[in-house]
Amino acid sequence: MEKEIMKAIVTHDIEALRVIFADVVKGNASVKADLLSMVGVFIKNNSL
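Each residue of the sequence shown is one higher than the last, beginning at 0 in numbering that gives the first Met the number 0.
These aren't lab readings, by the way, just hints derived from the structure by calculation.
A portion of the hints provided could be inaccurate.
Unchecked claim - No farther apart than 25 angstroms at their CA atoms in a straight line, the calculated lysine to aspartate or glutamate pairs in the DMTMM-like style are these:
| # | residue 1 | residue 2 |
| --- | --- | --- |
| 1 | LYS43 | ASP12 |
| 2 | LYS2 | ASP22 |
| 3 | LYS31 | GLU14 |
Start from the sequences, fold in the hints, and give me the full structure.
As structure tokens, then:
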């Protein structure tokens, strides 16, 4: 899941991100955890 999220972010693949967020909204707990950790890592890596 993390690879898909990173790829979607890096390539600005809006449709893939929309699908991922739809899964999160539906309450897929593992996706939610992956997404939160990925967002945290992404912000940390890109904040400097």
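Results of checking the hints against the structure:
1. This hinted pair checks out: LYS43 and ASP12 have alpha carbons roughly 21 angstroms apart, not beyond 25 angstroms.
2. About 15 angstroms separates the Cα atoms of LYS2 and ASP22, which keeps this hinted pair within 25 angstroms; it holds.
3. Annotation: proposed proximity of LYS31 to GLU14 holds, straight-line Cα distance about 17 angstroms (limit 25 angstroms).
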